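Protein chains: 2
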Amino acid sequence: MHLLTNDMSSSFIPTIGLVLGPLKFDTLLDSVKWDEKGLAVAIAQNVDTGAILMQGFINREALATTISSKKATFYSRSRTTLWTKGETSMNFINVYDIFLDCDRDSIIYLGKPDGPTCHTGSETCYYTSVLNFLNQSQAEENNLAMTTLYSLESRVTQRKEELLVPQNGKPSWTRRLLLDDKLLCSKIRYLDFILEILKISVHGCVKVEEVLQVLRLRFSQSGVEEKKSRKAQG
Amino acid sequence: MHLLTNDMSSSFIPTIGLVLGPLKFDTLLDSVKWDEKGLAVAIAQNVDTGAILMQGFINREALATTISSKKATFYSRSRTTLWTKGETSMNFINVYDIFLDCDRDSIIYLGKPDGPTCHTGSETCYYTSVLNFLNQSQAEENNLAMTTLYSLESRVTQRKEELLVPQNGKPSWTRRLLLDDKLLCSKIRYLDFILEILKISVHGCVKVEEVLQVLRLRFSQSGVEEKKSRKAQG
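So the protein lines, in turn, are chains B and F.
Add 934 to the 1-based position in the first sequence for our numbering, that's all there is to it.
Add 934 to the 1-based position in the second sequence for our numbering, that's all there is to it.
Fair warning: there could be bad hints in the mix.
Remember, identical chains collapse to one label, so a pair may be satisfied in a single copy or spanning two.
[What the hints assert, rightly or not] DMTMM-like mimics (lysine to aspartate or glutamate), calculated; alpha carbons at most 25 angstroms apart, straight line:
no., residue 1, residue 2
1, 958, 1087
2, 1004, 1143
3, 1046, 1143
4, 967, 1057
Because the hints were derived from the structure by calculation, they are not lab data.
Given the structure is predicted, the values throughout are model-derived calculations rather than measurements.
Assemble the whole structure, with the sequences as input and the hints as a guide.
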C-alpha cells in the first residue's frame, strides 16, 4: 500500500514496506561513512541460517536502490557500475533489513537468497577453507564455511547419503542403524542430545549459543575420544 | 605439540594445530587477491551463532598472524598498524578456521569471541537497523542484527524479563502463563512448535533452514493475524 504525502509526491522513494519523506532517507545515506572513493563494505547474510553469502561494496546509489527494491545491490569496482545480485542469474537476495556497524562504514544485508549466491553455483562464495588447504596434501575446495548447527546437519546428511551407496557383505552396525529409522531415532546419540538441549534452551534455562557450543565441543571429538572421556569421568 | 621438521627449523610458523612448511604457507598468502593497497576484507563470524561480529581489513602480515596465533588480527587503516582484536579489551576472537571467497579478496574468520566484540560493549558492531531508523520517529539503537533462531530466543527472553517487573492489579493471562513454568511449557505455542519441527529436521526429513524459514514466517505474524489465518483455513 503506497500512501503519498504532500512532501513526498515529487520524489517518492518506495522502501521496505515504508512510506518515507526524502529527508529521512537522505539523513540515513549521509550518515554512512563513505570512503575516499565513496564506497563502504556490504555483507549479504542469510536471515535464517546466518550463512555469509557474499561480500561486495556499495556506494550511495547502491544502498538507496537496495532500500527501495529490497534486492541486494552492490557497486562493481571492476565494471564501475551498479549491479543487483541476481540480475542475470535470477538468484536475487531479498533483503529484510540492513544493519550499519558502529563506525558506519560497513553494512549487513540480512535477507533470503532465491538460490545459490555464488556464480560457481555454490550456496555461498566462501567454500575454500584455509585450514583444509594447509592440512591436506591436495587443495580441496567445496568446503563451505558452516556454523555449528549446519555443520552437524551436514555431517548427518553425509552419513545418510554414504549409506545409499550399495555395499558388499554384511552391513555394519552403523549402516543398519542409519537405514532403520526406528533404530536410528532410538540410538543416534546426538539427535536426542540436540533435542534435549534445545528443549532446555527454549524454555529459557540456557542460551541457544551455549547449547551450540556444547554440541560443537561434543561432536568435534571422535567417537573413540568421547567414549574414553566418559570412561575417564567414571 | 610442536613437531619441528628440518625445512621448518629456521622459520617455524605455529599454526592452527598444524605443522607446515613455509612453502605452503606462502602459497596460501600469495593466493589472496590483495588490492592496490595490499589489503583484503575480513569478516569475523561467531562459529556457534553465525552472528557477524565485526568487519575489518587485513594485509598479508595480519592474515599470517591470525593463522599463527589463532586470534583474529586485522590491519588498521587509520593507525596504519596491525592490531589483534582484544589486545586492549582482552576480548579476543579465537579463530577455528578461515575461509576465502571465490574471488580470493574476502575472508571469514570463523571463531569464538571471549566477550563482546564491539568497543561499545555490544555483542557485535552491527546494532543499528536501517529499517528501524526509517520506521521510527526517533533513532533507536541497540537493535542487534539477529538471524531467525536468535531473534526468537531474544523475543522469548524479553517477554520473560518484562514479567519480572512488578505490576498492579490482576495478572494478565500471558503474565500468569509466563510466570508458571508448567503452564508455560504446555501452552506456549512456538516452543512446542520449534521442538517438533527441529525433531523432524534432525531426523533428516527437512533441512534446518526450511524449519527456520517456517518459524520466521510464523512468528513475524502477530497473534491476531495468526488466529485470523487459522480461522480462514477453517
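> Where does the structure disagree with the numbered hints, that is, which hint numbers, in rising order?
Replying inline: Failing hint: just 1.
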